[in-house]
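Respectively, the protein sequence lines represent chains A and B.
The first sequence stops at residue 255 when you use the working numbering, and every number in between is there.
The second sequence stops at residue 200 when you use the working numbering, and every number in between is there.
Calculated directly from the structure, the hints in this document are not laboratory data.
Do not rely on the hints blindly, as some may be mistaken.
As the list claims (entries may be wrong) - Below, in silico cross-link-like pairs of lysine to aspartate or glutamate (DMTMM-like), each with a Cα-Cα straight-line distance of 20 Å or less:
id	chain 1	residue 1	chain 2	residue 2
1	B	Lys117	A	Glu88
2	A	Lys112	A	Glu238
3	B	Lys74	A	Asp252
4	B	Lys167	A	Glu238
5	B	Lys121	A	Glu218
6	B	Lys37	A	Glu88
7	B	Lys57	B	Asp150
8	B	Lys93	B	Glu189
9	B	Lys167	A	Glu245
10	B	Lys121	A	Glu247
11	B	Lys37	B	Asp141
12	B	Lys196	B	Glu31
13	B	Lys57	B	Glu189
14	B	Lys93	B	Asp42
15	A	Lys73	A	Glu54
16	B	Lys93	B	Asp141
17	B	Lys57	B	Glu90
18	A	Lys112	A	Glu218
19	B	Lys117	A	Glu54
20	B	Lys77	A	Glu88
21	B	Lys74	B	Glu152
22	B	Lys74	A	Asp248
23	B	Lys167	A	Asp248
24	B	Lys93	B	Glu31
25	B	Lys167	A	Glu247
26	B	Lys121	A	Asp249
27	B	Lys167	A	Glu218
28	B	Lys167	B	Asp150
29	B	Lys77	A	Asp249
30	B	Lys57	B	Asp42
31	B	Lys117	A	Asp85
32	B	Lys77	B	Asp185
33	B	Lys74	A	Asp194
34	B	Lys117	B	Glu31
35	B	Lys167	A	Glu88
36	B	Lys37	B	Glu90
37	B	Lys196	A	Glu218
38	B	Lys117	A	Glu218
39	B	Lys117	B	Asp136
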Amino acid sequence: MIPRHRQFADADDTHMKHQNLYPVANRCRLVVLLIMLAGLGGCVSAGSNPDPLENFNRSIHNFNDSADRRVLKPLAQGYRALTPDPLERGIRNVFSNLDDPQVFLNQLLQGKPGLALSDLGRFLVNSTVGIGGLFDVASTMGLEKHQEDFGQTFARWGFGRGAYLVIPFWGPSNPRDGIGDILGSYTFPPRYLDDVPTRNVIYGLSVINRRANLLDAENIVSGDRYIFFREAYLQRREFLINDGEVEDDFLDDDF
Amino acid sequence: MKKTITRISNKCVVVVLVGFAMTGFAQDPLELDQTMKTKLLDILAAVNESSAESAAKLDAAIDFQAITRGVMGKHAKGSTQAQNSRFQAEFQKSMIRLLQAATETAGDYTIEVSGTKISPKNPERGQASARVRTSDGQEIDLVSSIAVVDGEWKVRNLIFAGVNLGKTYRNQFDQLVQANQGDLDQAIEAWAQQVKNPAE
């Protein structure tokens, strides 16, 4: 079960990335691709409406939300209650580190060699001195964590995002980010582990870790949850694509 | 002679006053950083108190009226004064609740204002960028859109980690109006109900 629909408010650097497709999603890849094609179709006929598939999306959102409430959220709460804080932080750092190869690659693809070098440096320093990423030594050295992925790269290259899509067991997405996520899953180092049980444990832990990090952010969700998640997702992605530059036109329109 | 001097000095006063008015709020950027840091800390502290003093602090730091109008968006055009005030009261509650939840989540947080910029088009509009560090080591980018209102800088929108609260609220309000077939009173009532019983 993948908590993508919670991802929007993830303030922690580690988990905004969509680098991993987990086993369930792997099996559903065809379904996901079909849904994305539907999203592209929606986009063609959508005009200015960012969410032409709202009815479909709402039903998937409700499904994801209730699955989350029954299974993933309690697991994440248990994990948080049982894991000592320093260990929890260490695990968060490890996954953040495993995301850095994707960040490095996408900095290059976006023509930012300086930042790419810095992110490669982060990965090397944290993997060695930081004991497999357990400690984020690189940040204290001034090598700041960045957030890049294939979806952002496609946006930089000029591809449109297509219609907003909520994907079962996955959460908010769109064709551009979804295809980016599939590519990104190949940059997640544990994917290449031969030992299947170990790999599965790592995948499982990464899901729970990410969900646990969103437990707090959830506090600020109010009103219509579907709209909150959708807006938060779209805005957050825009923010990441623009590397954190905010152009706020909230009160520019003269109502 | 005396008259001329008076006239000249009067002119000087006028020139100086106009000069002040023109510089307006062209504050020293570092000073503005500090002002904004104080305002943000004020806001985050005041939402967790409920005294006349904390309410006054919030009013001095947040332009609730402009934000409310922005959230009503296109529906503000046809609204009555009574509807505006009612919605402002309800909206204010939801915004304060959200900030309470945010501070509760953040634990012992610190705020560092990394920079403020003034709009090149309008010296009374700007943006303050801050980074909030929560007690468990997470970092959240917090951007505030600011404007000079009644002689001081006030917050007119907040963007948490890229999530634009004003716009999110506006879409939610629009959704409520649509769900109530364009009836503003009912939409505002529905908002009030959500404030009373936040859905879980």
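Each hint, compared with the structure:
no. : hint                 : in the structure
1   : Lys117/B to Glu88/A  : violated (37 Å)
2   : Lys112/A to Glu238/A : holds (18 Å)
3   : Lys74/B to Asp252/A  : holds (13 Å)
4   : Lys167/B to Glu238/A : holds (13 Å)
5   : Lys121/B to Glu218/A : violated (37 Å)
6   : Lys37/B to Glu88/A   : violated (30 Å)
7   : Lys57/B to Asp150/B  : holds (14 Å)
8   : Lys93/B to Glu189/B  : holds (13 Å)
9   : Lys167/B to Glu245/A : holds (17 Å)
10  : Lys121/B to Glu247/A : holds (14 Å)
11  : Lys37/B to Asp141/B  : holds (14 Å)
12  : Lys196/B to Glu31/B  : violated (40 Å)
13  : Lys57/B to Glu189/B  : violated (27 Å)
14  : Lys93/B to Asp42/B   : holds (17 Å)
15  : Lys73/A to Glu54/A   : violated (25 Å)
16  : Lys93/B to Asp141/B  : violated (24 Å)
17  : Lys57/B to Glu90/B   : holds (18 Å)
18  : Lys112/A to Glu218/A : violated (33 Å)
19  : Lys117/B to Glu54/A  : violated (37 Å)
20  : Lys77/B to Glu88/A   : violated (50 Å)
21  : Lys74/B to Glu152/B  : violated (27 Å)
22  : Lys74/B to Asp248/A  : holds (17 Å)
23  : Lys167/B to Asp248/A : holds (9 Å)
24  : Lys93/B to Glu31/B   : violated (31 Å)
25  : Lys167/B to Glu247/A : holds (12 Å)
26  : Lys121/B to Asp249/A : holds (13 Å)
27  : Lys167/B to Glu218/A : holds (18 Å)
28  : Lys167/B to Asp150/B : violated (24 Å)
29  : Lys77/B to Asp249/A  : holds (18 Å)
30  : Lys57/B to Asp42/B   : holds (7 Å)
31  : Lys117/B to Asp85/A  : violated (37 Å)
32  : Lys77/B to Asp185/B  : holds (14 Å)
33  : Lys74/B to Asp194/A  : violated (57 Å)
34  : Lys117/B to Glu31/B  : holds (12 Å)
35  : Lys167/B to Glu88/A  : violated (34 Å)
36  : Lys37/B to Glu90/B   : violated (27 Å)
37  : Lys196/B to Glu218/A : holds (18 Å)
38  : Lys117/B to Glu218/A : violated (30 Å)
39  : Lys117/B to Asp136/B : violated (30 Å)
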